[in-house]
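Construct the complete structure from the given sequences, taking the supplied hints into account.
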Amino acid sequence: MKKLILISTITVAFLAGCAMNNPYASNGVDNAIANAQAKYNKAHSQMVAWKNTKKVLEKAKKLAKSNPKKAIALANEAAYEAQTALDQSAEFEKTWRAEVPK
Amino acid sequence: MLKKLIKIVAISMISTTIVFAANFNAQAEKDRKAFVDYFLKKFENPVANRDKYFPYVPLKELKKDYIYPLKFQDFQDGPLSWYRPSKEQFAEINDFPPYEIPVDDGEELFNKPFANGKTYASCFPNPAIKQNYPYYDVHRDEIVTIGMAVNECRVINGEKPLKYGKGDLAKVVAYLAVKSRGKKIDIKIPNENAAKAYEAGKKLFYKQRGYLAISCNECHVKSAGKRIRAEALSPALGATTQMPVYRIKWGGLGTLQRRLAGCVKDTGSEKPKMQSKPLKELAYFLTYMSNGMKLFGPDTRK
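Taken in order, these protein sequences are the chains called A and B.
Under the numbering used here, the letters of the first sequence match residues 17 to 118, in that order.
Under the numbering used here, the letters of the second sequence match residues 645 to 946, in that order.
Fair warning: there could be bad hints in the mix.
[Claimed, not checked] Pairs of lysine to aspartate or glutamate residues, derived as EDC-like cross-links and limited to a Cα-Cα distance of at most 20 Å, are as follows:
| hint | chain 1 | residue 1 | chain 2 | residue 2 |
| --- | --- | --- | --- | --- |
| 1 | B | Lys-847 | A | Asp-46 |
| 2 | A | Lys-118 | B | Glu-862 |
| 3 | B | Lys-851 | A | Asp-103 |
| 4 | A | Lys-110 | B | Glu-752 |
| 5 | B | Lys-674 | A | Asp-103 |
| 6 | B | Lys-840 | A | Asp-46 |
| 7 | B | Lys-921 | B | Glu-751 |
| 8 | B | Lys-840 | A | Asp-103 |
| 9 | B | Lys-893 | B | Asp-910 |
| 10 | A | Lys-67 | B | Glu-862 |
Derived by calculation from the structure, the hints in this document are not laboratory data.
Values in this document were obtained by computation on a predicted structure and should not be read as measured data.
Here's what the structure looks like:
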């Protein structure tokens, strides 16, 4: 019993750890892709999307049926990139004016 | 009495429009003056002002390879303006300018009748017009670039539009550029929306972006006059005077937008589409910064 608790604690901790590594991760291939798509669309419409995000997302969509595990990983990567691009943009929005020669 | 009132109202309306008209470019003029001033000071004497502008460039290199002082019009040469080895190398290449044949092609295209018998001259009776592009069209409420003007001329004459950025379109633009040589860049900001477009372009230029989190400003203002690998970084002042350019890397001509799109991508961002709103705004801002500078395109680049 003790052993079981230990194992499940480790597993839970491990899973939580994975999820925490990428705070934008979500489960289920459809969810993951929809989430990435929404974030990418937002970054793209603000013209701040990174160079390869769309490619990663497209690849995730392609693999959704044949390799959902890989597809989720890719979608989460795309979501992470898109969200980072949005965060970065919001951050630089506060500072760029100081760069203009006066 | 009524007549007098109407007169007063009319006069005050006219004068307020004049005041406003004069004001739309107030911020842009302030920016432009500071911008020009920065570059003139930076390249006045890189040896004497090394501490301030070029602390990491070896003194020997500053003395041997830097061309200075640079005057306002000298910035027309982009990366060749300040870096002697590039300038000498390209002076040699331009003994037989690689853009000459494409410009001749452009002239031929310009004069070749469309299916309806008319030519580009029906739209551009005076081809020396590049100094006014891109301009803000107040009726259409958008920026019109010279590439757009060329394609719109085709469409109203029943022809298909050309692909933007290179090829035949760049050739026709190159011909217009040659005809406009010596004309001073004259970009206007005619209304509030134009001022907004200018501000949007300015933001694109100064705000860091992409996975490199870098801005145009970083390379073409702060680091202008430094080398990055085998490239001499060009000052953003004068950056649009020699467009379109024949690039050896491209093996042909490319327009300003083609170059800008490439540089946006180099920050680790998605490449913007030709003639997209942000790219036009960037071009509008950048060209405004070189107002008053004489055109001398096309030129040759790496």
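Exercise. Of the hints given before, which are not true for this structure?
Worked result: Hints 1, 4, 5, 6, 7 and 8 not satisfied by this model.
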